[in-house]
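Just so you know, the sequences run in chain order A and B.
Under the numbering used here, the first residue of the first sequence is numbered 1, with each subsequent residue one higher.
Under the numbering used here, the first residue of the second sequence is numbered 1, with each subsequent residue one higher.
Hints are computed from structural coordinates only; laboratory data are not their basis.
Every residue gets a Cβ at the ideal spot worked out from N, C-alpha and C, and that includes glycine.
Keep in mind that a hint or two might mislead.
[As the list claims (entries may be wrong)] Sample of chain A residues at the chain B side, in silico, Cβ under 7 Å:
1. Thr102
2. Asp105
3. Ser115
Chain by chain, the residues:
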Amino acid sequence: MKLKRKNRMKTLLLLMLIVVLSLSIAACSGGSGDAETSDDSAAQTEEPAADESAADETAADTAAASASYKFAYLSPNHGNPFWQMVASGVETQAQANGCDVTVFDAQDDPAKQVSQAEDALQGDIDALFLSPFETDTGTTIAEMCNAAGVPIFILDTGAEADYTCFITSDNKQGGRVAAEYLIENTDDSRVVAEEQGLIGRAIPALRGVGFNEVMDENNIKVEFVQPADYNREKGMTLMENFLTSNPKINAVFCWNDEMALGAKEAIAARDLTGQVLLIGFDATDEAVQSVLDGEMSATVAQNPKGFGTQGVDLALKHLAGEEIEKEVLIECKLVTKDNAQASLDGTLFE
Amino acid sequence: MVFTVRGDRIKRQDNLRIKAVIVRTGVFWSLAVLMIVLSLVSDQFLTAGNLLNVARQVTVTAILGIGVTFVIIGAGIDLSVGSLLAVTSAYAAGSMVTQGSLLLALLIAIGSGVGFGLCQGVLITKFNLAPFAVTLGGMSIFRGMTLLFTGGYPISKLPENFRWFGSGNIGFLPAPLLILIIVAVVAYIILSKTRVGRYIYAIGSNENATRLSGIDVNFYRTLTYVIAGVCCAIAGIILTGRVNSAHPYAGQGYELNAIAAAVIGGTSLNGGEGTIYGTIIGALIIGIIENGLNLLQINPFYQDVAVGAVIIVAILVDRTRIGMQEKLAKVATDE
Numbered sequence: 001m002k003l004k005r006k007n008r009m010k011t012l013l014l015l016m017l018i019v020v021l022s023l024s025i026a027a028c029s030g031g032s033g034d035a036e037t038s039d040d041s042a043a044q045t046e047e048p049a050a051d052e053s054a055a056d057e058t059a060a061d062t063a064a065a066s067a068s069y070k071f072a073y074l075s076p077n078h079g080n081p082f083w084q085m086v087a088s089g090v091e092t093q094a095q096a097n098g099c100d101v102t103v104f105d106a107q108d109d110p111a112k113q114v115s116q117a118e119d120a121l122q123g124d125i126d127a128l129f130l131s132p133f134e135t136d137t138g139t140t141i142a143e144m145c146n147a148a149g150v151p152i153f154i155l156d157t158g159a160e161a162d163y164t165c166f167i168t169s170d171n172k173q174g175g176r177v178a179a180e181y182l183i184e185n186t187d188d189s190r191v192v193a194e195e196q197g198l199i200g201r202a203i204p205a206l207r208g209v210g211f212n213e214v215m216d217e218n219n220i221k222v223e224f225v226q227p228a229d230y231n232r233e234k235g236m237t238l239m240e241n242f243l244t245s246n247p248k249i250n251a252v253f254c255w256n257d258e259m260a261l262g263a264k265e266a267i268a269a270r271d272l273t274g275q276v277l278l279i280g281f282d283a284t285d286e287a288v289q290s291v292l293d294g295e296m297s298a299t300v301a302q303n304p305k306g307f308g309t310q311g312v313d314l315a316l317k318h319l320a321g322e323e324i325e326k327e328v329l330i331e332c333k334l335v336t337k338d339n340a341q342a343s344l345d346g347t348l349f350e
Numbered sequence: 001m002v003f004t005v006r007g008d009r010i011k012r013q014d015n016l017r018i019k020a021v022i023v024r025t026g027v028f029w030s031l032a033v034l035m036i037v038l039s040l041v042s043d044q045f046l047t048a049g050n051l052l053n054v055a056r057q058v059t060v061t062a063i064l065g066i067g068v069t070f071v072i073i074g075a076g077i078d079l080s081v082g083s084l085l086a087v088t089s090a091y092a093a094g095s096m097v098t099q100g101s102l103l104l105a106l107l108i109a110i111g112s113g114v115g116f117g118l119c120q121g122v123l124i125t126k127f128n129l130a131p132f133a134v135t136l137g138g139m140s141i142f143r144g145m146t147l148l149f150t151g152g153y154p155i156s157k158l159p160e161n162f163r164w165f166g167s168g169n170i171g172f173l174p175a176p177l178l179i180l181i182i183v184a185v186v187a188y189i190i191l192s193k194t195r196v197g198r199y200i201y202a203i204g205s206n207e208n209a210t211r212l213s214g215i216d217v218n219f220y221r222t223l224t225y226v227i228a229g230v231c232c233a234i235a236g237i238i239l240t241g242r243v244n245s246a247h248p249y250a251g252q253g254y255e256l257n258a259i260a261a262a263v264i265g266g267t268s269l270n271g272g273e274g275t276i277y278g279t280i281i282g283a284l285i286i287g288i289i290e291n292g293l294n295l296l297q298i299n300p301f302y303q304d305v306a307v308g309a310v311i312i313v314a315i316l317v318d319r320t321r322i323g324m325q326e327k328l329a330k331v332a333t334d335e
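Isolated chain A (complex conformation) (with noise of 0.2 Å):
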């Protein structure tokens, strides 16, 4: 009897240990902060010590030697195929430039983003990269870094508090061109519904705003409008609630692909492929295939990645001590089934 209980004294031990030594191993031999990037930045994600000390030698040798900065950046929800493209935007660039980055991820909690953003500023970086879930988290993410005297970027949604710099895409001219281009391929007998995203991202609302307009101007009634809060499953949901209401409906406009890919989901188990309009936002490589595919009939791309790589080339001038513009506004280009094909290929933009 004596002997089990010493026993199971011991396992306990021995589990707890096992626990907490594993977490630190995971530590010493760790050290990428990001589970999911692009495939040409996993590699150099791996060993970012071993990284700044190859690239220094690198950088020495380029006639604008840049310093080895450490930076941050705070995504609000890495599984999200957009925000992996400005992230590998900001890996890549900065990586070109002999910097650090360390990538976290919201998961689509603010109160994580907001920790996240806390722990980051303890850890001495040079600046912050921060896509916000939402206006009001980076309105907060930007005071403290503010506070703490770091300079901080703000990769698209916005903030309403002092930063460094803003990019983000032309919202209301993507929303505009796709409204443009829903009127250009529907007659008189259009039913037109819209998905919205999170209505807190004051920024990408933009999108819902520009559309809006042109279909006011050509008085055009938007019959279906709820937001599915750009996620994939609820874009489903949603448009199989529209066609339940009206069978009718044969145009859609999605202000993301999360949602569109969902709503084309909904839109084939009743036989509508090709019958409906779908318009997404982002063009996002699986939207894009489904363009080339015929199930969706166009997105708008915007420059994710483009957001990254400036932001990392105004950060370096910024730390370099040149004056940089507040707000950088990046125009967005409709994809359809012409130039789809270059949007896979990244040329989209060139």
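Guided by the hints, dock chain B onto chain A, whose structure is given.
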């Protein structure tokens, strides 16, 4: 012969007692080991700035955990705490933005917490419905009410005085930490120093015996759900202040962390066992794991794995402790 048997028994009792103490305080050791290891592998961990951050980050889970601790000690469960947090803070934020009175907003938050907790408590006690089912329903209903009230929009443009509870400071002490300390002290007093607390433990350990003693089991059990509701309201105000908006999906999934904190801290899901300090340590362990992973730039997906592992270890410890107590009781009555 009689002496030897007695001597043996006393030795066995002492052995058991020492082991029981170590096991009962096991959660302290886990926290200590965790902190030691992290301070060795990361030179940012043990800094005042970081520890204060952790304190700020942990308060919401800790306060929800405290509320849930009361319920679980009374042999119940409350899955609605995440949604209850959202609905109470949405009402409070809405009031703040339209009426402008901080006091009114706080009263509305606490009031709705009490009200909704009362509803759940009454359904569970008077109608004898399973707490799991009722609070599962509550989880959906409160989330739905939040979405209806907010229309899916976050309530923002909150004034500084309201945000202070989540993001303010008193000197160097974060306001949420101060609130947590106050809540923890009050909860501790209720649980350990008053009749109310004793009755809650009693109901959790042996409901029938307690009822037969003439204690109004329904009343005290409902009270635990009301207390949980109040804790949700307080946690909600802090979260809203921290994130700068009352988001319709606030607190989603937080019930799991709250219950995890309680379980890690030694609260037994069977009822009758649990402490406030244990729950707070449980919340700290979860928060420090997350903080450590961020500082060390480890894939944050390990976090869920780590927290889950800690929960299981905690339950194992709990089971061992119960086993030891039974052995202790058996040895004491052996003759």
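Cross-check of the supplied hints:
1. The criterion of a C-beta within 7 Å of any C-beta in chain B is met by Thr102 of chain A, whose closest approach is roughly 5 Å, and the hint holds.
2. Taking 7 Å as the C-beta contact cut-off toward chain B, the hint placing Asp105 of chain A at the interface holds, the least distance being around 6 Å.
3. Here the hint on Ser115 of chain A is kept, as its CB sits about 5 Å from the closest CB of chain B, short of 7 Å.
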